[in-house]
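Hey, can you piece these two chains together into the complex? The hints should help.
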Amino acid sequence: MALRTEELILNMGPQHPSTHGVLRLVVTLEGENVVDVAPDIGYLHSSVEKMMEYRTYIQSISLADRGMDYLAALANEMALLRAVETLGKIETPQRAQWLRTLFLELQRIASHLVWLGTWCIDIGATTVFLWCFREREKIIELMEKSTGGRLHYVYFRPGGVYEDVPEGWTDGVLAFCDDFAQRIVEYEGLLTANPIFEVRTKGIGILPRATAINLGASGPVGRASGIDFDVRKAFPYEKYAEVEFDVPVRQEGDVFARYQVRLEEMRQSMRIIRQCVAKLPAGEIRAPKVPITLRLPKGEIYTRTESPRGDLGIYLVSEGGEHPYRVKIRAPAFSNLYALTEMMRGWKVADVIAILGSIDIVLSDVDR
Amino acid sequence: MPDGAQPQGNGQTARSEQSPKPSAAAPIDRLVEVVDALPGGSVILTTVEHVLNWGRASSIWPLTFGLACCAIEMMGAFAGRFDLDRIGVIPRATPRQADLIIVAGRATIKIAPIVRRLWEQMPEPKYVISMGSCATCGGPFYYDNYSILKGIDTVIPVDVYVPGCPPRPEALYEGVLKLQEKIKAEPFLRRRAGLAAPA
Numbered sequence: 001m002a003l004r005t006e007e008l009i010l011n012m013g014p015q016h017p018s019t020h021g022v023l024r025l026v027v028t029l030e031g032e033n034v035v036d037v038a039p040d041i042g043y044l045h046s047s048v049e050k051m052m053e054y055r056t057y058i059q060s061i062s063l064a065d066r067g068m069d070y071l072a073a074l075a076n077e078m079a080l081l082r083a084v085e086t087l088g089k090i091e092t093p094q095r096a097q098w099l100r101t102l103f104l105e106l107q108r109i110a111s112h113l114v115w116l117g118t119w120c121i122d123i124g125a126t127t128v129f130l131w132c133f134r135e136r137e138k139i140i141e142l143m144e145k146s147t148g149g150r151l152h153y154v155y156f157r158p159g160g161v162y163e164d165v166p167e168g169w170t171d172g173v174l175a176f177c178d179d180f181a182q183r184i185v186e187y188e189g190l191l192t193a194n195p196i197f198e199v200r201t202k203g204i205g206i207l208p209r210a211t212a213i214n215l216g217a218s219g220p221v222g223r224a225s226g227i228d229f230d231v232r233k234a235f236p237y238e239k240y241a242e243v244e245f246d247v248p249v250r251q252e253g254d255v256f257a258r259y260q261v262r263l264e265e266m267r268q269s270m271r272i273i274r275q276c277v278a279k280l281p282a283g284e285i286r287a288p289k290v291p292i293t294l295r296l297p298k299g300e301i302y303t304r305t306e307s308p309r310g311d312l313g314i315y316l317v318s319e320g321g322e323h324p325y326r327v328k329i330r331a332p333a334f335s336n337l338y339a340l341t342e343m344m345r346g347w348k349v350a351d352v353i354a355i356l357g358s359i360d361i362v363l364s365d366v367d368r
Numbered sequence: 001m002p003d004g005a006q007p008q009g010n011g012q013t014a015r016s017e018q019s020p021k022p023s024a025a026a027p028i029d030r031l032v033e034v035v036d037a038l039p040g041g042s043v044i045l046t047t048v049e050h051v052l053n054w055g056r057a058s059s060i061w062p063l064t065f066g067l068a069c070c071a072i073e074m075m076g077a078f079a080g081r082f083d084l085d086r087i088g089v090i091p092r093a094t095p096r097q098a099d100l101i102i103v104a105g106r107a108t109i110k111i112a113p114i115v116r117r118l119w120e121q122m123p124e125p126k127y128v129i130s131m132g133s134c135a136t137c138g139g140p141f142y143y144d145n146y147s148i149l150k151g152i153d154t155v156i157p158v159d160v161y162v163p164g165c166p167p168r169p170e171a172l173y174e175g176v177l178k179l180q181e182k183i184k185a186e187p188f189l190r191r192r193a194g195l196a197a198p199a
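Residue numbers (my numbering), protein chains in the order written: chain W, 1 to 368; chain U, 1 to 199.
Just so you know, the hints here were simulated from the structure itself, not pulled from any lab data. Misleading hints may appear alongside valid ones.
In silico DSS-like pairs for lysine-lysine, Cα to Cα no more than 30 Å straight-line [unchecked claim]:
| no. | chain 1 | residue 1 | chain 2 | residue 2 |
| --- | --- | --- | --- | --- |
| 1 | U | Lys178 | W | Lys50 |
| 2 | U | Lys110 | W | Lys145 |
| 3 | U | Lys184 | W | Lys328 |
| 4 | U | Lys110 | W | Lys50 |
| 5 | W | Lys50 | W | Lys138 |
| 6 | U | Lys110 | U | Lys150 |
| 7 | W | Lys145 | W | Lys298 |
To spell it out: a stretch of chain U is covered by chain W in this simulated footprint if at least three of its residues, at any positions, have a beta carbon under 8 Å from a beta carbon of chain W; those stretches are [unchecked claim]:
| no. | stretch |
| --- | --- |
| 8 | 109 to 122 |
| 9 | 134 to 145 |
| 10 | 161 to 172 |
It should be emphasised that the depicted structure is a prediction, and the values quoted were computed from it without experimental measurement. Glycine included, C-beta positions come from ideal geometry on N, C-alpha and C.
With the rest of the complex left out, here is chain U (with noise of 0.2 Å):
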């Protein structure tokens, strides 16, 4: 789904209910609302969208949370040999400023509240990829364990799942791809002003 409202992980609310949408008083949402009425209006909302996903996903700026192993194989992923600084992606250290949150390794019970703090503390738009089978699932750490959560999404909603014990970096790489992929398909103006998406 474009907009990524489809419920993830266990008893998800979707995205959209989370984060309310701005009121629609801004006056770029009313611009967007007088633009999508005129004829032929929606081209010129698509190909602005497009430039403007086109930058978003071009300039993913992560919090890099790495908790365990998978962070070492991030930390290679942002290094020399798999340099994720060739498709914009540039590690931030607060929240704040960062727009994906890299859940890379296993997550505890008592770190699910500052991870949940931390995903809300960063602004919208914002994005999780699950770096690994502990974010994603538990991993190996699912059975006979009472400290691991059973995935990360169970905290947080989740776009893109790498899975791997540790992914390698390359996983990682294909993992941010498919985001931006995703992040360009983004009805996003439209999404802002609540209008209908796209068929």
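Pulled out of the complex, with its shape left as it was, chain W reads as follows (with noise of 0.2 Å):
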């Protein structure tokens, strides 16, 4: 006698402690196993865009800090301002191109650790979120020190930063270098080796190549499955042509190749501050002659940077005046979530959080 069966439909709804956000997954369940996924965003849609519209390009930096990935806001300044500076023409010294380079990857480390930690503690391991959280606190000491903030910064500055670091402060940098050295295998302990770890993880959420680069998937996910572009090696920006560093690429795609890049990353980024400590010249940092209300001239221009998340461009329309005329965000994260449905297809409901963070999406990302 066959069993009756029917599908679900699970709603993940907006509250939820794994959906790293405000995001609402329709899940169409047969069983244990994922049918469909349908995500439902806009629940932290913030009308940035518009919002733009109304402000000076300062103004927007602020704006950006906030309204677009919270958790990398120095990489969304840099994306804006570098559509603001391309198109301005406004050179930047060169001691703010290294200061830049450096709070960069800083900013880049601080966000692959709230990853690490707020998804491990989705699948289990709690301790990893304690101590991803501690390690995190030093970086934003030294981000409060220097930028007087500790998750939105406002540092950056057409044609510069906005103040010079205080002394001693690349000391304490250097110093949370080496100890982070020793934390990343600590990690790597916990993790990587554990057999728990990797039943949850190796060979689950598999992302093709060939759906990867149809689906527009890029930073750590695309590298992930297989994909070998980097826009700071491809079109690099800042002092990032100067600076030597690998770019971890992973065959397999699937979650565990997801954190073996983002680990490696964190490792990259400790190599390129201190290659950017140890080439920091001294000097002006920030372009003379930039008035506050800055007008650029008419025009539009796309520019990209490597945010955390990914490719982040911004395609800026100018028409001369104070406000832009049209900003529009290419999100990471919105691409990559949009090959969820492909990963998750297949899977037990218990992999659905495991795959849902490996793909580190923010919602304010994905919204705007």
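Okay, here's the thing in structure tokens:
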């Protein structure tokens, strides 16, 4: 006698400890197997692009901090300013560029630490959450000493950075790097060879390379599926052309590969930070004569940067006024989320949590 | 006001009107009425309430409702450096087991009915901390914005507002401590029984 089976539509609602923000997943289940997943987004739509049309460029920097990807605030500022400075042909001094590269890589480590902590607490490894946030507190202290902010900095300005770093700050950065190198070993010791972790992540949620390219996956999600593309190498900005670093790429495309890619990225970020501290020149930190109410020449431009989530692009249209005419943000988390359905089909309900965490979305980036 | 009867936010009804008091036929309420009528009975009630309030305030279990950036600072407050577990605050995933909802981050119009439903699913006595400028008043997303609510108190009544963008974990800590003070000052049993609050 055959069992009567039915598909169950389960709502993983916008309030759920594991959705990393307000994401609603409508999951169609056949028993415990996922048949289909429909993400429902828009619960954090903050009309950032429209607001930027009423803000000057410096005001938009504080909006970019918060309204897009709040975990990588400096990466958003960089994306916006790369568009502004390229369109306005503003030259940043050397020291400012080195400082920016340093801060961007510190921000990358901080963002990956939040990802690791929250993802691990989702799949049950609570200790890693506490350890990651402990390390992140050290980075945030460094950020606070120089920029004044813990989470939102408004530090980059058109033409450079706002203020120079205080005395002895770079020693603090190097001390952090020395300490952090050992901490990554601790995280790996707890996770990588752990049989439970391996069963939950190896071979789960595979995103094949062709699908990843078609769906526009970028960043660690794309690199874990074999796409060897990093904006820092392909279209270098700031001082990325003058520092040596490797871009980790894996071929398997599963959750474990994404974990490995991000862990390796943290190590490479430390490498870049050490080089930045060693090569930091003296000098100006801000281009002279950039007015506060900056007017960009009439025109349009598309620039891209590598945020911790992936390829963050800004399309900026200026009509010559103080406010931009249009700012369109190409959000990496939005495109990576689009690949979610492909990644989740066929796996079990418990895998849904592991896969969703592994693509490292920030709903503020998805919804803007 | 100890019993939280003051209207908050825009056009809000008082809290006590929104959740009707339980029927006075409950045994505990009858006992409270009897004790209150005795000479010196209010001293007993005050002492019992003091103990009960101390227990309630020392184990506030919030529903983590992390919406945006403030959620990261809230996570930082739960993590090792600013450990909220020290004062008894443990996050619960379901509103049915929570007595506090920390609305951390900007609320859009789309999520407003969800927030309201979550708040209604929480059993009494329940409290709301509005964390951050966005949940308090709309914050940096006040002007020229078509989708962010101008304060979560347009949807649910708020007990404690914690300003900041985002507030430091210490600021959230202070918000929770202020809420503890508020809870400890409540005439819990007498309000349940519908008796007059002490002057």
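Do the hints match the structure? See the list:
1. U:Lys178 to W:Lys50: This hinted pair is violated, its Cα atoms lying about 37 Å apart.
2. U:Lys110 to W:Lys145: With a Cα-Cα distance of about 38 Å, the restraint between Lys110 (chain U) and Lys145 (chain W) is violated, given a limit of 30 Å.
3. U:Lys184 to W:Lys328: Distance of about 50 Å is beyond 30 Å: violated.
4. U:Lys110 to W:Lys50: Distance ~18 Å between Lys110 (chain U) and Lys50 (chain W) Cα, so the pair holds.
5. W:Lys50 to W:Lys138: 35 Å, violated
6. U:Lys110 to U:Lys150: 13 Å, holds
7. W:Lys145 to W:Lys298: 38 Å, violated
8. 109 to 122: holds (count 4)
9. 134 to 145: holds (count 5)
10. 161 to 172: With 3 residues closer than 8 Å to chain W, the stretch 161 to 172 of chain U meets the three-residue bar; holds.
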